[in-house]
Structure formats: structure tokens, C-alpha cells
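For chain Z, the structure is supplied; the task is to place chain E on it using the hints.
As a plain string of letters, each chain reads:
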Amino acid sequence: MKFALSWLKDYLETDADVAAIAARLNAIGLEVEGIDDPAARLVGFCVARIISAGPHPGADKLQVLSIDAGGPDPLQVVCGAPNARAGLVGVLGLPGAVVPAGGMALKVAAVRGIESHGMMCSAREMGLGDSHEGIIELPADAPVGTAFADYHGADPVFDISITPNRPDCMGVYGIARDLAAAGLGRLKPIAARAVAGTFACPVPIRTDDAKGCPAFYGRVIRGLRNGASPEWLQTRLKSAGQRPISALVDITNYLMLGYGRPAHAYDLAKLSGAVVARRARDGESCTALNGKTYALDSSMTVIADDAGVHDIAGIMGGEHSGCSAETTDVLLEIAYFDPQCIAATGRKLTLTSDARARFERGVDPGFLDTGLDLLTALILEICGGVASEIARAGAFPVAPHRVAYDPALAERLGGVAIAPDEQQRILAALGFTVDDAWAVTAPSWRPDIVGPADIVEEVVRIHGLDRIASVALPRVDGVARPTATPLQKLERRLRRAAAARGANEAVTWSFLPPADAEVFAVADNALWLLANPISEDMKAMRPSLLPGLLRAAARGQARGSGASRLFEIGRRYLRGPGGRSNEALSLALVLTGEKGPRGWASGKAALFDAYDAKAEALALLAEAGAPAENLLVMGEAGAQFHPGQSATLRLGPKVVLARFGMLHPATLRHFDLDGPVAAVELFLDALPARKPAASFARASYAPPALQAVTRDFAFLVSAALPAGDLLRAVRMADKGLIVGARVFDDFRGPGVPEGQKSLALEVTLQPGDKSFAEADLKAIAERIVASAGKLGGVLRG
Amino acid sequence: MDYEGIGTEARERITAAQDLPAVEALRIALLGKAGSISALLKTLGGMSPEARASEGPRIHALREGVTAALTARKDALEGAALEQRLAAERIDLTLPAPLTPRGTVHPVSQVMDELAEIFADLGFAVASGPEIEDDWHNFTALNMPESHPARAMHDTFYLEGETDDHRALLLRTHTSPVQIRSMLADGAPLRIIAPGRVYRSDSDATHTPMFHQIEGLVIDKGIHLGHLKWTLETFLKAFFERDDIVLRLRPSYFPFTEPSVEIDTGYSWQDGRRVVGGSGDAPGHSWMELLGSGMINARVLAAGGLDPDQWQGFAFGVGVDRLAMLKYGMSDLRAFFDGDARWAAHYGFAALDVPTLSAGVGARP
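Residue numbers (this note's numbering), protein chains in the order written: chain Z, 1 to 797; chain E, 1001 to 1365.
Take every hint as true, because none was put in to throw you off.
SDA-like mimics (lysine to any residue), calculated; alpha carbons at most 20 Å apart, straight line:
{"#": "1", "chain 1": "Z", "residue 1": "LYS292", "chain 2": "Z", "residue 2": "THR352"}
{"#": "2", "chain 1": "Z", "residue 1": "LYS348", "chain 2": "E", "residue 2": "THR1156"}
{"#": "3", "chain 1": "Z", "residue 1": "LYS595", "chain 2": "E", "residue 2": "ALA1097"}
{"#": "4", "chain 1": "Z", "residue 1": "LYS348", "chain 2": "E", "residue 2": "GLU1160"}
{"#": "5", "chain 1": "E", "residue 1": "LYS1074", "chain 2": "E", "residue 2": "GLY1032"}
These are computed hints drawn from the structure, not numbers from a lab. Every value quoted in this text rests on a predicted model; they were computed, and no experiment measured them.
Isolated chain Z (complex conformation):
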């Protein structure tokens, strides 16, 4: 909301300067977003008279002026303006001044060899208009030497942001009231005088919608002339950012901006019959003053006559009955519209207006008569005419709100002690009444006051939040206790583990292009879609973290980056019970490009493969506390993955903890990625919840005294047999003594029959109390061979 200082001073008697007013506005919750102080821009410019003008020896179009700027000696100034002449009084910019338009800093400088001590300015240069034909010509009696800001009457304009709870401050008068309460001056009473009507209101006025429009007052003014509004009014409106239109429109806007009170004037010639506030009928429409036609329905309050709808009540008037230059008779409307109805209608029509902003926050229901008086008086003064009596339909709708208050609450809630009589003074200055028992009645213009905390806020904000002292929160004894939950600890640990393994953490959007989300959609789990996305590319909530990372990796490739290791920990959005979401914690990792660049020692660049993905998946699952050694490696990683180079890691056949592998070429094509790309996804929500151990102590352990023994075995097995099956079988041969088994060779080719492969295993055996005898080792070896034999494995000689 914008207003000029002079407007504020119409209502507030104060000597405070702009800075003091701004500071106080901020302090009481009327946030100053900007101050446009023309005086600040006009520093260094003064009224000056040209004593003489002579030709410039070096340029035909320039003149050398001798100027009286109020100082003891005349100043020499070079000027190119055609109208520069002896006797002219204009505006001189002195060295050091900054030209408002363009921002040029003036200084003493030679112009074609003649020193110039300033610049005579045009209206455009001063930011006062478009004229650049010549320098400004002021009246001959303008006081030479006076600061131009003072002469011009530069009026600073405040731009403040009004919070939605303060409709009373959506008019300058309300702001003046707050400032006066805060000790910045004296609030002048509203200068309203009742204008008695000289004839009965000829238009019947009615409200048929007691909820939407509980009160509707009106009166007719006849024989007026709707020309341009006077200069002072236009200046006011312009300072508030409003374009002057015509006297009638400007006067209603003046009432709205000055007092927060919207009103409307209808051209009486365009009305027929009774004017009624009622609900619109389904199918009715109204072409509003913005030229757009709005389809109305029965939830919306309108003002209509016999012919149809003339006004979307409280939001925007209709084009048809709007006032024009030909208007001579008007019907004035001042009504109270229900905030909730206005808000709902405005939302439905997506129509915003200054009137709506006020009505939906709640205009003062006690201001109907005063508002109409002010409006009438101004119209009669500016446009002439004669007023009818006032017609009143409906009643003053809101009962004054009374709050039982305890002045001690200010300290209890606000943390600052304020004497009860000071509290009383503040409340009275804001228009509240306080009785002896501290029952506080809010003024009709404060719909936001509902409970004692609201009274505390009023008292404390006017008293000054800067007077609140810091008070330490009570602290528990000793060192602070740990607070993180197991899930939070898991997330932190995995994040740093992934980073420690060389991956960069990314944070990608929760929403995706639906096509990207579809690629990773979970079976039987419809995507969550936004009804009002900011763009189609941000419409579907991600069912996996991979699409966002793949897009990031693709951007990286497009920028020419050789490799990317990107991971993210976050939620994927699935369907949960009750039509709600299941926001499952997951970690995704994408490995693209070169795992290692070509090198003088390593040769060609190495690309990521599925085993890199497996290594990351297992390492991170181990960090997450999963039994990484014992997980099942199974298929069904999903259609997004290469069918032959991907797998799931499961805890038992049903619980999928992770999937990993190379992505399917179709997936790469969709995301514009050059392959191969390895990916990992951990489903952290599938990890079984582990109760934290009761004690910090580990299980007892002493390293075995005897050295472990390794033995190598090579088995011929079917080429189709997964190596993991053979390893598992070998381990099971003696769960006690075999502490490790590892495949170190997978060979197919010469010496190995077609359809078979040779798997070489290194088995680690740990003796217990005494060393292995040859016979012991032989027995274990036999069990290992037998175990492998069950899978068709034949020991190679």
C-alpha cells in the first residue's frame, strides 16, 4: 500500500520526519518496503535565475550563462537549451548533484573550453515529465536560491506491506491511528459531516442475501458533472499508484485508499427498477469494468436490478452501469459484504481487485454511514448536484467483540512487563474500550481480535518489541542428550558413506515430467500428480530418485563432463493406505561415463560396469546395517535395467533391499544418456527395524591364536550355474571351520568342455584349539567337493 506523507498528515498531526515515521511503522508491524523520497533525489538542485546569456566562442548551439543561484557571486554555466535567455528562472544542478533521470553526477567541467559550474535542467532530466525541448521555466517570482525540493513541494511516498489481519490499515487513516497510538503524533478526528437529503431516494434498495450482504446503504445524487478530478486529488491517487479516471471514480478510490472503505457509484440512467443485493442465478454473467465477462453462479453475491447483474458484489463493478463523462445522476452504494463469500467468489472467478482485498479481510462494518457522508460531501464539492436521503437495507452486522483480558498476560506471553495503565492507554489509542474488570472491547474496524493473545499483541507491539529481553530456555542438567532417531542416524551415515566412496550428493526436484516418472513407475502404484503444477515438467511426484539423477547426469554429459557419480537420499512418493502417501526413504546412485580415465599406467579408460554398482550397493547396505554377506542376489531388477546385467539384493526371497546393474538401452534413450550407465537404488524403508543394542559393549572376541589356512579348489560346473550358488554350497560344507570362500577365477575355453565353466575358489579355514592335521584337511576338502558335487560340480585335477 502506497501513500504520500502529505496524505498521512491529513490525518496525523506530527513533526516526525520521514526516517522517524518509517522506523516507527516497522516497529509496530507495518513493514516499510520502500520510501520514494523525491527530496532525496533533488538534493543539489536549486531555483536559479539567468542574469545574462552570451554566445559560446567554440560552438554555435551553446551559450555561456551567468547565473544567480542565491550565492554572493554569479556562476558561469554552459547551456545548450534553445530557451535559455536572460531573466529566465529555472532549475540549476550544482556540482555534486546527481541528475534524477539517468543518474549522471554533475561536476565542474570544461565544455568546449569554457568552464561550466553546473547544469540548467529540463523537466525530463528532473524526472518531472517528458519535456526535453528546453530547460524548465519557473514563474518569474520563484525564490532564487531556494532548494528545488522545497520549492517543488516534494512529497515522500511510503510503500508498506499490510498483513492480512489488518484491513483497517488498508486505508491511510488506519495507519495514522496506529502511528498516533505509538506516540508519533495526534490522530485528527474524521472530518465527516452528514449531508441531509433534499428528496427521498428514488431507487428502492434491498438485500435478498442476508449472509453475503447483510447491509446495503445507498443514495442518489442528481445533476452532477463528472469531469476530471481536481489536481490535489489526482496527485494523491498518483502517489498511491492509481491512475486518475474521472471525478466520481477518483472520489470512490480516494475513500477506499484514505479510509479502507470501498464504495461504488452507478450511472442512474443505466439502472431500472429496484437495486438488489442477491445471489446470482446460475447462468448469469457480468462484464466487469476490466472488460472481461464472468460467468456467475448461485454462490456469488451480486448487485442487480430488473434488467440484470450490474456488479460482482464487493469485487468489481459492471461495465454497463459504470460512470462516464455523460453521467449526471448516480446511485451510490456502500455495503458490507461477507469476507468468506467475497474470498470464495474471488477465488472462483480468479478476479482480484483492491475492493476484494479489503472486503475479504473485513472492512469496518461501523463505517457505513460515515463513509457515505464522506463520499457524498466530496461528490457535491467536486461534481456538484443534489443528494437524496439515504436508503438503508439490512443492519449493522457485527456485534462488538469483547475479550476477557488479564493485563498480567502481556508479561506471561510477551515476556515484557507493561504497566496496566500504559496498556490501557495503548488500547484506548487504538480504539479499544476497557472496562473496570478488564473486559476489552475491540473497535468495529478490528475483525482480527478474537482472544486475549490478540490483546497482548496489540499492547506489546505498540509498547515495542525491542524492549523484550532475551531469556534463556531452561536447560537439562549436564551434557545435552542425543536426540536423533535411528532413521535420522541411518540417513546421515549413508550420506557420508556414499560421499566417502566418491559420490557427489545431489538434491533434485520432488516432481518430474510425467513421462520420466512413468519410466520408473511402480507396478500397481499410480503416480501422484499435481492438479496445478508450475509446469508440465513438474507434474508427477517422483516414484524413484533415479529419474532426477539421470536427468542431472544427462545435463552433465551435455556439458562434456567425463564421469559422474551422483547420489541422492530422499523420499519417493508412493500410494499408502487411506488414500494417503507412502513417502519411502531411499538412496539412489548413478554412475556414468568413465570410472577411471585413460592413464599412463592403466591404459584405456575404464567404464562403469554392473559390478561397480554391486560393490556400491553392498557397501552402502553394510553401512545401513544389513547383513550384506548373506543377501540373496536375485533377478527382477525391473524393466528400466539391462535384463542380463542387473539384479536385486534380497533379505529372504520377498524382501527387496536394493536393485542395481546396468540400465536398459531404452532407459538411456529416454533420458538422452550415452551409455553404459550403472545405477543403484536402495529401498531403505525395506530394512528391518533394528532395536538399538542395549549396551555399547561388543560381543567378546579374541583373535584366534592359530593361523588360518587357505586351500584352492577348481570345479567344472555348468556354464549356467550362478557362481554364488557354488560359493554358498561350499560354505555350507562346514559352517564352523570355513570362514571364507571367494571365487578368484571364472574360466571358459580350451580345456573346459563346451557348456561348462571352471570356477576357482579360495577357501579359508580357521583352526580352533589345535592345528589342522593332514587328515582333517583331507576330510574338509572331501566335504567341499561333495557339496559342490550336489550342484554338478566336478573337481578339476
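Relative to the frame of chain Z, chain E by itself:
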């Protein structure tokens, strides 16, 4: 016998030996089973006790001298060979070592860890809630009924469909619904922070449709605005590791707090960046809006199942991304969500930059 002469001659031959096989051959020739000095030792057996007493030590001295000479020559030859081998094994250590990738933690995660660490010391636990939230938790319970104009300030993303109990679903516009969930789940007293993603339909250089917020909530008996001010001062001093943090409290409006307070902090421009610290009224300083807060509205306490006559408290909400930008000097919020590895390498944090109170909750470059 001229043992000295034999010894001298043997040492000369040893010194002249040019390689290890020659030394070994000499050892066999001199000290082997059939060696010449071994033969001398054998003569001791045939001597008279007197002769043995005089000759024995001389022969033994001869043998020891030759043995030492053999060892010395062997060591010298081995040393020279090793030196030669090592000289041949010289490599160019200006060649690059194998590369190991250096991973990073995102600044948002880092700052969230820092905040959790600071607030843990103040006794705040970390709470969370869903991002796809219903309108009751996001608005109604926070004193924003259906028609409330403040709902419009929130630029809400709605989801298609509704819950089985006919509640509209939306992307939470703030972390405040966690207040309600925590009150309902844990009752009072309560001290929590709730960090997480929030969403508003807004996009420009300083606003992204998704960003991160952290909610703070204290409910107890006798909690007032003075406690709020202390908590925010204490937290900001710890977060920025500066004692000159000055706050300005301004009355404001949030439906879920009453009184509501906007918190500004003083800052100055240094090298083109905002640097938090000092009073905004000091020369060269200004105030910057940092966060919204206030005393929890009685209606919100009631919606959370608490008796407003018994319990009171404060709440605040602050943008995590903004805190990260202010502390670590990023200027473009959109880059946070781009996944650019170059950006990560520059602005990201090492895995071991774990914030701790003893080492400090900030990682300096």
C-alpha cells in the same frame, strides 16, 4: 709357517674377487672342507700340546681374518649390486598417481546436520512429517480455515484426488504441519525441530517451487517471547560462529502464531556478499528479514490436543537454503537443485566434515 703371509695373500685374492660367485669360490677354496685354511686347522690334531698351544691361536686368527674378509667383500659386492639394481628401478614420480574420486555432501544436508547439532545441545529433538499433506494439517489446524485469505499467500500445489476420508491433499507449504503431528503424537512439553522439503508455486532467481525449511517448536509452561528471542539469538550465534548477531523483532502476522514476530538480522556487504553480524542500524549495515515466528496461537494448541490455558510456547520457521547461502556464499538458489558435479566439487562438503560442537558446526574452506 708364515700364517701372516698366507693371510695377506688370501685377503688380496678376496679383495680382487669381482663378483659373488668368485667370493664363494674363494670361500670354498680357503674355508671349505678341502680348503687350504681348513687343512691348516686339521694339522692341529697332529701337533704336540706345546706346539698346538702356540700354533692354534695363530691358525684360528688366520681363519677369522679370512672369514671377516670374505664377509666384508660379500657385503660390499651385494651392496653395490643392490645399488645398481635400485638405480635401474628409478621411476618418474612426477607422473600422476591413480585418481580416487572425492565425493561431496550437499550444502543443504550439511546445514541440516549443523542445525540438528546446535538444536540438540538446546534439547530439541528432530521430528518429521509427510510432504504430501492434507489440508487439515497444513491449513485448518494451523488456524487457516477454508476461506482464510492467508491460504492464498501460500501458493499451494494441490494433488489430484483426495484421501479416503475426503481431505484434500497438497504439497505442504511449510514445515508447520509437523507442529500439529508432534503435539498430537507426543503431547507437551515439547521441544522439536522439523527440517524438510516444502513447496510453493513460485519460481524466480530467489524462489524455487521446492525449497527446505526448518521448523522449531517449544511448548512448556511459562514460555514467552523472551525465550523465543534468546533461542534464535543463541542458534544464530552458534550457526554463524559470531557473537555480534543482532536481531530486530518486528510485529507481523501468521495465522498460527499470536503475537507474531518477524525476525530481522543486521548485516553488511563485504566483497559483494551479505555478511551477517552487527546491528542493522550501525553505519554501513542494514536489516534483512530472516525468519518468521511467534507465540503459538491458542487455536493451534487446541488443534494439537493441548489445553491452551495450561501450555504455551513459540514456533519459528526458517529457510535452510537461505541459511546455507548466507553462511557459505552461494548466490543462485536454482543451482542447488541442478546436480552439477562442478558445483558440488566447489560448494559441497567432505564426508568427514561432520559438524560437532567441539570442532565447530561450520566447515571453513
